[in-house]
Structure formats: structure tokens, C-alpha cells
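Q: Below are the chains, spelled out letter by letter.
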Amino acid sequence: DVKVTQSSRYLVKRTGEKVFLECVQDMDHENMFWYRQDPGLGLRLIYFSYDVKMKEKGDIPEGYSVSREKKERFSLILESASTNQTSMYLCASSLPGLAGADTQYFGPGTRLTVL
Amino acid sequence: RKEVEQDPGPFNVPEGATVAFNCTYSNSASQSFFWYRQDCRKEPKLLMSVYSSGNEDGRFTAQLNRASQYISLLIRDSKLSDSATYLCVVNPEYSSASKIIFGSGTRLSIRP
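Residue numbers (our numbering), protein chains in the order written: chain A, 17 to 131; chain B, 432 to 543.
Think of the hints as simulated: they come from the structure by calculation, not from any bench.
One thing to keep in mind: the hints can contain errors.
Cut-off 20 Å, straight-line C-alpha distance, at most; resulting in silico cross-link-like pairs (SDA-like, lysine to any residue) [claimed, not checked]: (1) B:LYS476 with A:THR119; (2) B:LYS473 with A:LEU27; (3) A:LYS19 with B:ASN486; (4) B:LYS433 with A:ASP67; (5) B:LYS530 with A:THR129; (6) B:LYS473 with A:ARG25; (7) A:LYS19 with B:THR455; (8) B:LYS433 with A:SER96; (9) B:LYS476 with A:PRO55; (10) A:LYS73 with B:GLU524; (11) B:LYS530 with A:LEU27; (12) B:LYS530 with A:SER81; (13) A:LYS87 with A:GLN22; (14) A:LYS73 with B:SER529; (15) A:LYS19 with B:LYS476; (16) B:LYS476 with A:VAL40; (17) B:LYS530 with A:PHE36; (18) B:LYS473 with A:PRO124; (19) B:LYS433 with A:GLY56; (20) B:LYS473 with A:VAL40; (21) B:LYS433 with B:THR455.
Note that the structure is predicted; figures quoted are calculated from it, not measured.
Starting from the given sequences, assemble the full structure and let the hints guide the process.
A: Structural data, given as C-alpha cells:
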């Protein structure tokens, strides 16, 4: 059974703080994703990584960066948190290529509040 | 126009009823389609893929209409446990997982 874990379920930070969200998957998946989910807007892709040290910007990368030093771990970094980054953050992983287009496995999410 | 649109609901139906909802997509070249289910405060999980010929999985039937650019999900004999948000997912590029587009979801509530 695929397992994707995220470091925190709930996080409260102050404006201007640097925030790290960690995601780990145990299925040796090449693809990893960071999304944010907001009411009425659905899931929006922030960053995507298709291999170690490889990354690709998604639809809303501004204000975020990512790191993938190991295949199983994908980190999302908010360099200077702002209140408009208050959201649910979901990490996902999938197989590469055509198989990866079919199924994404999600972590439980991190609800981040920036005060 | 949004690339993937869903009626947000909520759909509030009695247990045992049949309920259906649609999802429209704007890119006529879209290649693959899925329904995900998301329970309250939980992560999305794949419910079923949608094939051109339509497909069924127990009480759930998914259909694709390429001419009108929509997919549908039909739930028969609904159960209380079907209460969730159903996300329509479209992949406009068959080989690229990063292009997947999620709809904002349709909320379904089944009442006893």
C-alpha cells in the first residue's frame, strides 16, 4: 500500500517566517507534487518533481521553492510566509510517464495558517 | 472559462437514491479523465478512471462524452458513506502527470 506522509497536519506561523513542509513517500515513485487546495479553487499545482534534483514550476510557484535531494522526500519552502499562503497543502506522488498520469497518491495534507 | 468546471453542490439526496453529476472540460484534446473522492478533512483518492466506452464499478458508473466535452458520474443506491466531495480530474497531455487539472469538486451529502 502506497504511503505518503507529511510532517505536520496543522501548522501556525507568523508573517515573514520561513516555513518548511516535508513530504515522504515509500513507494519509490519518480514523480512528486505539491498542491494547495482552497475553497472554490480546487487543487492548484505549485511545483512538480520528476526525479531527484529535478523540478518544474506548476501553476502558482510564486512565493514558494522546493527541494528534492532524495527520491523519497520532497520539501516545499515558503521563504517568507504571507497571510495569502494560508491554505491546505497536499503532497502527492506517482509513477512516471503514462502510469503516472493515471493515479496520484496523496498525503494527509498540512493545514497552514499564517498570522 | 475554467479548464475544468463542476457544479459545487451540495447535492443533498436520501439514502438509496440515484444521483448524477457532470464535469465539463475546455480542452478538446484532453486525453484521460478520472474521478477522485475526497472525504471531509482527508486527502483525495482515486475513485475510478473514465474510459471512452464508459465504465462501471459496482454502484458507480462513469461516462465520457467527447463531443460535448463532459464526463459524468452516476451513483446508484446511494449509501451514507458516499457522502464526500467528488473531484473531476482531466489530463490534457497523456504522457505528462504534471499537467493534470483538478476540478474544484462537487459536494454530495446523503441523508438517512
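Q: Look at each hint and say if it fits the structure.
A: Each hint, compared with the structure:
Only pairs whose Cα atoms come within 20 Å are accepted, and LYS476 (chain B) paired with THR119 (chain A) is accepted, the gap being roughly 9 Å. For the hint pairing LYS473 (chain B) with LEU27 (chain A), the CA-to-CA distance comes to about 16 Å; that is within 20 Å, so the pair holds. Our distance criterion of 20 Å between C-alpha atoms is broken by LYS19 (chain A) and ASN486 (chain B), whose separation comes to about 27 Å. Distance hint between LYS433 (chain B) and ASP67 (chain A) is unfulfilled; the C-alpha atoms sit about 30 Å from each other, more than 20 Å.
Restraint check: the Cα-Cα separation between LYS530 (chain B) and THR129 (chain A) comes to about 28 Å, which exceeds 20 Å; the hinted pair is violated. Distance check on the hinted pair: LYS473 (chain B) and ARG25 (chain A) sit about 11 Å apart at the alpha-carbon level, within 20 Å; holds. At most 20 Å may separate the alpha-carbon atoms for a hinted pair to count; LYS19 (chain A) and THR455 (chain B) exceed this at roughly 31 Å. With a CA separation close to 30 Å, the supplied pair LYS433 (chain B) and SER96 (chain A) exceeds the 20 Å bound.
Restraint check: the Cα-Cα separation between LYS476 (chain B) and PRO55 (chain A) comes to about 18 Å, which is no more than 20 Å; the hinted pair holds. Proposed proximity of LYS73 (chain A) and GLU524 (chain B) is supported: the alpha carbons are some 16 Å apart, at most 20 Å. Between LYS530 (chain B) and LEU27 (chain A) the CA atoms are separated by roughly 28 Å; this puts the pair beyond 20 Å, and the hint is violated. Between LYS530 (chain B) and SER81 (chain A) the alpha-carbon distance is near 19 Å, which keeps this suggested pair within the 20 Å criterion.
The straight-line distance between the Cα atoms of LYS87 (chain A) and GLN22 (chain A) is roughly 15 Å, inside the 20 Å bound, and the hint therefore holds. With a CA separation close to 9 Å, the supplied pair LYS73 (chain A) and SER529 (chain B) stays within the 20 Å bound. For the suggested pair LYS19 (chain A) and LYS476 (chain B), the alpha carbons sit about 12 Å apart, so the restraint of at most 20 Å is met. Annotation: proposed proximity of LYS476 (chain B) to VAL40 (chain A) holds, straight-line Cα distance about 17 Å (limit 20 Å).
The straight-line distance between the Cα atoms of LYS530 (chain B) and PHE36 (chain A) is roughly 25 Å, outside the 20 Å bound, and the hint therefore fails. Straight-line distance between C-alpha atoms of LYS473 (chain B) and PRO124 (chain A) comes to about 6 Å, which keeps the hinted pair within the 20 Å bound. Taking the CA atoms of LYS433 (chain B) and GLY56 (chain A), the gap is near 12 Å; set against the 20 Å cutoff, the hint holds. With a CA separation close to 17 Å, the supplied pair LYS473 (chain B) and VAL40 (chain A) stays within the 20 Å bound.
A threshold of 20 Å between alpha carbons decides the hint, and for LYS433 (chain B) with THR455 (chain B) the separation of about 9 Å falls inside it, so the pair holds.
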